[in-house]
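Participant: Just so you know, the protein sequences line up as chains A and B, in that order. Numbered by this note's numbering, the letters in the first sequence go through residues 1 to 256 in order. Numbered by this note's numbering, the letters in the second sequence go through residues 1 to 845 in order.
No lab work stands behind these hints: they were computed from the structure. Possibly wrong hints are sitting among the right ones.
Residues on chain B that point at chain A, a partial pick, calculated with CB under 7 Å [stated by the list, open to error]: (1) V474; (2) Q481; (3) R485; (4) M839.
20 Å max Cα-Cα, derived DMTMM-like pairs, lysine to aspartate or glutamate [claimed, not checked]: (5) B:K53 - B:D221; (6) A:K132 - B:E205; (7) B:K835 - A:D92.
Beta carbons are placed, not taken as given, at the ideal position from N, Cα and C, and that holds for glycine.
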Amino acid sequence: MNNPSATFPPPVASSDSAAARATNVSKIYGHDDSEVRALDDVTIQFEKGHFTAIMGPSGSGKSTLMHCMAGLDSLTNGSVAINGIELSGLSDRELTKLRRDQIGFVFQAFNLIPTLNSKENIVLPLSLGGQKGDDAWIDKIIDTIGLRDRLTHRPSELSGGQQQRVAVARALASKPAIIFADEPTGNLDSKTGHEVLNFMRKAVSDLGQTIVMVTHDAANASYADRIVFLKDGKIAGEMIAPTQDRVLDYLKHLGE
Amino acid sequence: MLRLSLKMTLARKGRLFLTSLAIILGTGFLAGTFIFSDTLNSTFDRLFSDVFKDVDAYVRSSSFVEAEFGGEQRGSAPITALETVLAVPGVQAAAPDVQGYARIIGKDGKPIGADNGPPTFGGIASASAAGLWTIEEGRLPVGPTEMVMDKATADNGKFALGDTVRINAQMGSREFAMVGIANYGDVSSPGGATFALFDQPTASEFLLKPGFVDAFLVQGDGTVSDERLASAINAALMPGDKLETITGAQITKETQDQIGVVLGFLTLFLTAFAFIALGIGCFVIYNVFSITTAQRLRENALLRAIGANKRQVVIAMMVEALIIGLLGSALGFLSGIGLSRGLSSMLNAFGIEIPTKGLTIHPNRIATTIIVGTIVTVLSAILPALRAGRVPPLAALRDTALENVGSVKRRVTIGVVAMLLGVGAIAATAAGATNILLGIGVLLVFAGVLIIGPGIAKPVALGLGRPIEKLRGVTGAMARQNAARNPKRTARTAAPVLIGVALVTAMTVFAASVRSEVRTAIGDQFKGDYIVSSANRQFGGLAPSLAPELAALPGVAQATGLGFTSVNLDGSGKFVFVIDPATASGLITFDMVQGNQSELSANGILVNDSRAASKGWTIGSTIEVAMVDGTKKTVAVEGTFASSGFGGSYVVNRALFEGTLNNLFDTNIYIRLADGANNDQVYNALTAATTDKGLGTLQSRDEFIDAESGQINQILGLIYGLLGLSIIIAIVGIVITLLLSVFERRREIGLLRAIGMTRSQVRTTVRWESVITSMFGAIVGVVLGVAMGFVLILILADSGASAFSLPIAGTLWILVLSFIVGVLAAVYPARRATKVDIMQSIATT
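Excised from the complex, chain B in its bound form (with noise of 0.2 Å):
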């Protein structure tokens, strides 16, 4: 039986093809996800473990900061500590680091590199054999005005020697020399980030503080293994400095999982979309199998005639999904391979630009990937299966395939049941209870709506039918009742549609929403007349002296800075909103619920009154708060706000940092203009100071809220994208069934072809009735989708309800964009059906 069910596999092989297909999608974006993430990784491993290879221990600061979404904030090391470490023995060489924030502007007037791309630094370049850096044309920088270049950089942006360079970095924007261009080991420059690189003074005071660095690399004389070398250099440090030493292996490796856990969130992200695809892959697996085994029922019924019992045909069955799923996921892996670097280019396309190197593939990847297409195939046949074991011998010989639907009325009835307990589930969520509870609800809604579809499938189908009756006339009558006469399989084939469109519609609507909700926010916090934003978010962004140097400008009535950091409080990182508030006053306006943000002390914080009340906090409560160096102040509560459009929980006046180590960058600066000031001059003026020194971004209050709205977009965009493949699938699912369909009705269209129906009618009735099938799904997908969107909203959006906002245009777009999936998946199985054969299809059996 096991030959017999293994040859009769291998004989259809545009059967198995086509099965193949949705798992080879399906598991190519799982594979994808994971060569992808893989290779990732492995870039930066290298990357790293390249940085510090000649590393053989690391002093740093003891204290930090852990930020909210992964890495860490650290504190500084005094210079002065350079020479203890130096008296260690065992100690050959060490060199002063600093890794700081500092943008070269190119000679076109632009900051070279992307916003959000690699990191551009400011680091140190000394003569110590410790060092990071060699010279490889001129000299090494001396003095407060001179600087050296990475050779990668030097060589995109044409510097040469001699040239002067402006460089902006927290301490402002200043003019340097260029008098040499280094390497980095071997590499011109690792990663793809730009570096300007001063002498040790210079780039404390530019860079950080003066007489501070981030660390010491020290260089080992071999005498002694690296653990005992940072062992003997943290016995010789000072308590006082708050210093500590690991070895070379160690920083590696703190690096390395530092940045795998900012992919790991990258990576999770992708592994969810990956898993949709599957999913909806799972659904025309087993379509296709259902298909497939109505249409062998002569073939099992004969089987079963001839003495094979039901378990033989089920097992017959199963090694044929067993096979195609093995078969299937092995090429999905390496359909995953160029999958990969499709993600790559998509993530690029949105603004997160990796870079990648090579192709890293782990054989466990190979394994895992083959094993979850296998099983997923397998599970998807048991149903079907199971059904072809259930043909009694003596089936009747019937030409069609006919599925029998069951009783309608107990499908509709469960399906009712499942959404309303769905409906219950995510009630409950909005409720108050756990986000389990919405997850389950939201699936037992998707199961109900799955589970009626096929007691809806004929009444929907014959509907939306009808105007294409009206239009096409008999074809058009056909393409209706071919839609309608096989409910359950135009559910089937219409399910991925619809869980596709669902949840495109739902991100649209989630999006819209969001959308307006920020565009009031920010309308309503911000009342000036420009902003000056950095669009780098994570790392640096406009140097604290910007804000007053823009106010002192003639027309200008106003300006202040916006920032924001890390600190530890409430025992655990947090980024605080950083502001001034007496230049804040009318800029920046919080939704006070207590107190009042222009009286915001030194030593003081503001609180989101949700977290504010959750803590038990009120005003005058005390909470501990320690920055990056290690220092301890404790702020008082002094106000509650709602929350806002910035996000973010609390606030702080920049005051406070005063006489810490803390990086301070501002991200926006809001400016309002004198009354009766000349726009126009005002406007130059502030161009000239920011822009045109490569400052920022400078728009009106208008163009900055366009902007900031817009944001949502480049994340829609990407989401969009994600799910295009499970569209891709979607689309696959109904040029499968619409293939098996004209197979199955070869015979009905070459009767249709005798008796006078030509070509393009052919290709008119199959071609409707795909549109009749997607536009089922996409209907029913739409309407789920808009729910789920309220619901989203409902549960996350602060201001309830009242933010939803329905996106008329995108969900009309979403059903045309169906309408037009539905004529492209009939191309194909069109042409197939004009290709039957009249002679042999009327042939009489």
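Isolated chain A, as found in the complex (with noise of 0.2 Å):
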């Protein structure tokens, strides 16, 4: 793989090579007989230039870890660096700032404002941080995406394949140090899943992104560098460079 950042520098230089960093990551819901533990003494980073799959079971506690690293959600315990920054501290303010600038989001569904057409999606983010953005970069996410001919349409009007595509490409348009992907295609066939999982390889082979994307499908995640598997909110194990056999195996044994 080449060098990302001698093409696309991140946006905030930073020594640090891992775009996001969790430290003794520790959420627990309720307390004494009801205590939940959703992450127990998480520490995990991701790379920058790196296409991360987190899997597990249901309740294994991943999308609570997206959250708690994407600033949503608050930690019990332990710490998170964004691009690092550190996270604890930082007000409601600054953090909304650092999602705007810094992260990326995709989710399952309800990506994106039913109001807005494709093209004021895309750019949302920079408009809300009443910023222009880079035409050029811009430009090549939507041919990248191949929605040129959709741009003025409102969401209402696209399949749901095309709603996902433009929200990664939204999720694009800042530059971000990382995005963060839940179940980018759990409301989609499988034909269109890979549509949307071959833009997101591409964001991170061909454009030096960094994704890291929650998925409980072997076949998804098969499109990542890495899979990072989680078990009761704890890192039950890794795997580099995966295909669709290997994951099942090793969820197979992860179950047992």
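Two chains, two frames, some hints: make the complex.
Facilitator: And the structure:
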């Protein structure tokens, strides 16, 4: 793989090679008898220019980990840094600004604002920050998702796959340090799902972006460079350069 | 199913509360009006039953003139009849009574009591057991220079025995020695009125006519019933004295009824505004039900899927409406108690001082409020409930509640047809049809606008939002799109604002036009330099002797008084202007169509030309006029005049009343200075003769014209105040809609927050959506209001459309205030929007 930072430098220069880092993170819901440890002393880091998948059975804490690292949810213990910026101690305003400038999001469904058209949705984080954005970059994204002829359409006029592609484009628009994708293909049939995943893969390989994706689907996970397995709020294992078969094997073993 | 709907209703406490709020406010005003008027009535009822508590029989003149707006002016009784009354068997005591106008001048030189406040009476203090007053301190007044004051006024004015007190009454301004302080039965002063009391000859001479009193109060010896006593006295009275006797109970009832008529006008006025508020509340209720029905699409679809039929879904909705209606109106009645106090202080603030004691709550008013409130709620819920019933069992599991607008074209067509019909009806009224048609026309126009509303809401909201988008960027763009995304909802939310603003604008336009017309009319009719005016329009005024007194001052070339009184004319009591044609020339100028004002004879009358035309009177026609004391005179029409800023349809010569017992006061005295007179010197002399003695208000011509045309502002202020509650309901309507929209869009807001929208940007979006909605209502409302104001002027003003004047500043203010309304309404919903939990809203279900 070529060095992505040569062509696409991250927006905030940082000597840290990690786009995101979690250190001894715990997330506990409820207390005493009803206490649930969603995350139990998790330490992990996501390298720049990598596509990482987080897998695990439901209730394993994979979504919680993602939300905590994205600054959407608070921690019970531990610390999280995005692009070298420590999240604890940030005000709501600073955290919002961080999400806007440094983080991209792709959710399973309801990713787009129904009253805005595709183009407006794509540049929304930039507009919210009062920024113009990098036109050439945005052009490039639009060409990559292949929806140039759909730019003035509202989300309701797009198919599910098209909507998710617009969502990924939106996540990329501000050249964030990291993109978090939560089951981005969960609502799509497998063919359109693979279109979206291909596009995400391209964003990492060709555009040098960093993506962390939560999924429970082995086929989806095999698009990633690395898979992190979670079980009962703890990291259960890792796999580099996965294939669908190896993932299925591992999951079988994990389930025992 | 009933149990289920009850459970479902109670499970949504927030929604229950929001919907109830509109009903609480709407019914609250109605209940407040009820309670206020009941309290008012019972206060006066108690007052008069206290006043006549010890009166067994009441002897008074049998001739009277009914005043045009309730009440009556009655003739006087000769004091000589007292002997006759005292001689009737069964009579233990009888006391003469006078209720004249007497204004006590305070130690600071200013008249005591407010100009439009409780009356200022002059009366008789007598030793008779039948008299109303008992001396608390000092002694009874004797002779023409002594007086007694009621205790409350003496205390308030810090008067003590031996003080010299100046009093203004019909016969002028005089000074008296205060020799006593009196109590009225058990109370120091009934109803906040002031009383100056004299011996009978002084009271008669100073307040009325020598030798006459207003009535005799009779106390029986207990041997016969009041009815028998009254008929015995009646039988003994001289026919020539034109007197009649009624029982104490009768005079109590009569007085109560008379005040009831006057209070009835006030109540009617207030009730009209209460119903406007309730109508606007209706819209809010309808809107809330419509939105919640759309939001409950899934819930209702689920109910249908598991076996509920259409009827059951509709009934479930109606049960909810019923519960909310009952609950809301019950709470509304409670808030009405507080609002009734608010009404009282508001009227006070606008110079209508009304004494109320305690709180009168009739159980049937509670029932009426709850029934009206519940019916209104249930009716407002019918359409949304029927819509809920039409939800197919397998309704799309859509996330946002979108309501379909239906055919825009059909909507606009129906709306335009309704408006055209309305305009037609209004035009017919302007051409002379009945006023009922005017009401129907206005309603049709409103209905038309409201029907068109959803059809135009989208383009208008987008248009209004354009500058906001330019100004605020993406948050503005989202606000703009949000306001336009659900045109029906936006239109329904804007409707209460529209109605409120239309009414306020119409009143503003109407008032501005009337104001400018009054200015012109007064300017045309009054050409002097100074004017002395009395604010006491209903009771008392300036002594008729004052005008000649002022005319005699050095430097004054001319002074003439203008008064009015009631006479029986053409079958009923009428207000007539009383002028002195000899001195009025050049100072009071009626716009004569025929005849000559200065040649008005003692037995002549000038009539408004349109009145004369409708009655078929021409120059030389004779009209019979009956005075308060029963004197009948025949007057001849000597001229006709075009309608004037003074109002009124008849003008007579002061000499007409010579020898009759009519109470004559002047309300205004117009003054012209001699050529070359020293303005300052004359002004000082005039001040000394008038305001220094507490007589009226001295103003230059310009000041007077300003004051007169400004009076309309006071009424306008009151109307604004009463419409205020409707505006509050409109604001509440926006608040509720925004809250429901925020609730409905919480996923969207969560997403926006996740991808980097700050809290203040969330607030901005909600705020501008609110402003677009309120401005939509305001702009349409202003257009409608200006049109309504124009129609009102066209129909009511004598000079027609030329009187129309558009108050540009006032209209702009209304728009600015509507903008502020939008901002204020968004405060709470915006805060709620920022509290949306990102985690919860983006969690996929």
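Participant: Against this structure, judge whether each hint is valid.
Facilitator: Against the structure, the hints come out as follows:
The beta carbon of V474 of chain B is positioned within 7 Å of a beta carbon in chain A (closest approach about 4 Å), and the interface hint is therefore held. For Q481 of chain B, the shortest C-beta to C-beta distance to chain A is roughly 3 Å, which falls under 7 Å, so the interface hint holds. The beta carbon of R485 of chain B comes within 5 Å of a beta carbon in chain A, closer than 7 Å, and the hint placing it at the interface holds. Of the supplied interface hints, the one on M839 of chain B holds, with its beta-carbon coming within about 6 Å of a beta-carbon of chain A, less than 7 Å.
Simply put, K53 of chain B and D221 of chain B have alpha-carbon atoms about 15 Å apart, close enough for the 20 Å limit, and the pair holds. A C-alpha spacing of about 92 Å is found between K132 of chain A and E205 of chain B, which places the hinted pair above 20 Å, so the restraint is violated. For the hint pairing K835 of chain B with D92 of chain A, the CA-to-CA distance comes to about 12 Å; that is within 20 Å, so the pair holds.
Checked against the numbered hints above, the structure breaks only hint 6 and satisfies the rest.
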